[in-house]
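Asker: Between the sequences and the hints, there should be enough to build the whole structure, so can you do that?
So the protein lines, in turn, are chains V and L. Just so we're aligned: the first sequence equals residues 1 to 191 in my numbering. Just so we're aligned: the second sequence equals residues 1 to 262 in my numbering.
I should point out that these hints are in silico values taken from the structure, not numbers from a laboratory. None of these values were measured; they are calculated from a predicted model. Please note that the accuracy of each hint is not assured.
[Claimed, not checked] Computed list of lysine-lysine pairs in DSSO-like fashion (alpha-carbon distance at most 27 Å, straight line): (1) V:K94 / V:K176; (2) V:K176 / L:K51; (3) L:K250 / L:K210; (4) L:K51 / V:K85.
[Stated by the list, open to error] Every beta carbon over 12 Å from chain V, so not counted as near; a handful from chain L, in silico: (5) V60; (6) D134; (7) R235.
Even for Gly, the Cβ is constructed at its ideal location relative to N, Cα and C.
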Amino acid sequence: MVGSTASWPLDSAERVPGDAARAAFVARHLPHLQRVARSLAARADQADDLVQATVERALSATLPFDLEGPVTLGRERAWLVRVMKNLFIDGLRKERGRRVPLESTPEPEAPPPEPEVAWEHIRMADVQRAVERLPAGFRDVFVLFYFEGLSYLQIAERLGLERRTVGTRLLRARQKVRARLEEERASRGRG
Amino acid sequence: MMAEIRLQAWLDGELSAEEADRVREALAESPELQAELDALLQLDAHVLAAKEEGLEPPAVRPPWLRRAPRPVLGLALAAGFGALAVGGPWLRARLAPDPVGAYLASVDTRLVAVRTSHAATDTYRPYAPFLGPDVRTRTPPAAVLAALEEDGDQRGLAALYLLSGRVEVAAHYIAASPVSAADLSDRGALLYLQGDYAQALTVLDAAVAKDEGHAQAWWNRGLTLEALGRGAAARAAYARSAALSTPAWKAAAERRIAALEE
Numbered sequence: 001m002v003g004s005t006a007s008w009p010l011d012s013a014e015r016v017p018g019d020a021a022r023a024a025f026v027a028r029h030l031p032h033l034q035r036v037a038r039s040l041a042a043r044a045d046q047a048d049d050l051v052q053a054t055v056e057r058a059l060s061a062t063l064p065f066d067l068e069g070p071v072t073l074g075r076e077r078a079w080l081v082r083v084m085k086n087l088f089i090d091g092l093r094k095e096r097g098r099r100v101p102l103e104s105t106p107e108p109e110a111p112p113p114e115p116e117v118a119w120e121h122i123r124m125a126d127v128q129r130a131v132e133r134l135p136a137g138f139r140d141v142f143v144l145f146y147f148e149g150l151s152y153l154q155i156a157e158r159l160g161l162e163r164r165t166v167g168t169r170l171l172r173a174r175q176k177v178r179a180r181l182e183e184e185r186a187s188r189g190r191g
Numbered sequence: 001m002m003a004e005i006r007l008q009a010w011l012d013g014e015l016s017a018e019e020a021d022r023v024r025e026a027l028a029e030s031p032e033l034q035a036e037l038d039a040l041l042q043l044d045a046h047v048l049a050a051k052e053e054g055l056e057p058p059a060v061r062p063p064w065l066r067r068a069p070r071p072v073l074g075l076a077l078a079a080g081f082g083a084l085a086v087g088g089p090w091l092r093a094r095l096a097p098d099p100v101g102a103y104l105a106s107v108d109t110r111l112v113a114v115r116t117s118h119a120a121t122d123t124y125r126p127y128a129p130f131l132g133p134d135v136r137t138r139t140p141p142a143a144v145l146a147a148l149e150e151d152g153d154q155r156g157l158a159a160l161y162l163l164s165g166r167v168e169v170a171a172h173y174i175a176a177s178p179v180s181a182a183d184l185s186d187r188g189a190l191l192y193l194q195g196d197y198a199q200a201l202t203v204l205d206a207a208v209a210k211d212e213g214h215a216q217a218w219w220n221r222g223l224t225l226e227a228l229g230r231g232a233a234a235r236a237a238y239a240r241s242a243a244l245s246t247p248a249w250k251a252a253a254e255r256r257i258a259a260l261e262e
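Answerer: Below is the structure:
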């Protein structure tokens, strides 16, 4: 259905004169969005559709930040990824609705829990301090995963751990970083 | 925690297509999993954006530092331990006497019959299922559990809880889908303690097929065969374990064989 996803923002920039900043905003996050979509969707065509829907939303929606202002790369990306996640979950629910007969569909679910971190206020320096503060055993796994892009198996071989232990440590490391990001943010106020 | 681990593994591309489909089905129905997915994606977005902006990550420790033998370092530096107070938490954590080793040295009995594949915990201790009238468990010190938790040492936690007679807690730390001989042996030990001897035997057969030099798996297999009333096969399993074990465990296996021959 979609040929080259990389051309959309540029096409859009041509279609919407004067909105080049917004097209550039989407373009600089497109590789990340494509990677995330491939993780979420079961098939490549579904991943392409998810990217396209996210890009269309990003090009038309009212943004919660000013692209001309001091917005961080992380804030921009986090917003785009949340748009994609919401579209993805909506798709999963619709799919489930098709499979589960209407009369057995449960009552509307409770609203999702509040996010534990005020993600929109997180800065790069918070990330740096949170990662540096990780205990060494967790930090090594976290750094190899995010900064060297290694798989669980590659990390296991590099550190002499079991693959299962890599998964556990990475989960704990992520939980610790999340908690510390919120501490870092709270310690300097909402700034 | 298992649901979070599976969700994370799915997002990281570490699951098979079938497992991934099951995660998507669970996600459609669980607001908690959806919130967890949101948090994972937000974290990924911020960390990878920081990386693109030039964030320099801390260096991964070299192997000699990762594998520092803490008990030896602890002994060597015990005399000047007061000086560590000025070394910061990182230095204290690396050089402090090993709390796990110190605790294990103080435990002189085991509360379950099985052996575990965690080498430090598998030192021979006489089997004594009761500490006192109706007392069948002990509680490992929080500092010891915290040290293992901090190291992400699942096998160590499982072994420590088993040694302490706390089978149901240990179950949380034992691989549900074991692959290595060590994990198969621990899973088999758990199934034996839970009374599922038939399943235990299947798993322990797989353990020794994977590694016929696994002394603990042979021992656990001996226990299981004994429970199933298969004395001759149990004796053979104990004999295999004895041939692979330290003198104390060898003597224990020989006592089991002798008891079965009576």
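Asker: Would you mind marking each hint as holding or not holding in the structure?
Answerer: Evaluation of the provided hints:
1. V:K94 / V:K176: This hinted pair is violated, its Cα atoms lying about 34 Å apart.
2. V:K176 / L:K51: holds (18 Å)
3. L:K250 / L:K210: holds (22 Å)
4. L:K51 / V:K85: Holds. K51 (chain L) to K85 (chain V) sits at ~22 Å (cutoff 27 Å).
5. V60: violated (5 Å)
6. D134: At roughly 35 Å from the nearest Cβ of chain V, D134 (chain L) sits farther out than 12 Å, so the non-interface label holds.
7. R235: holds (33 Å)
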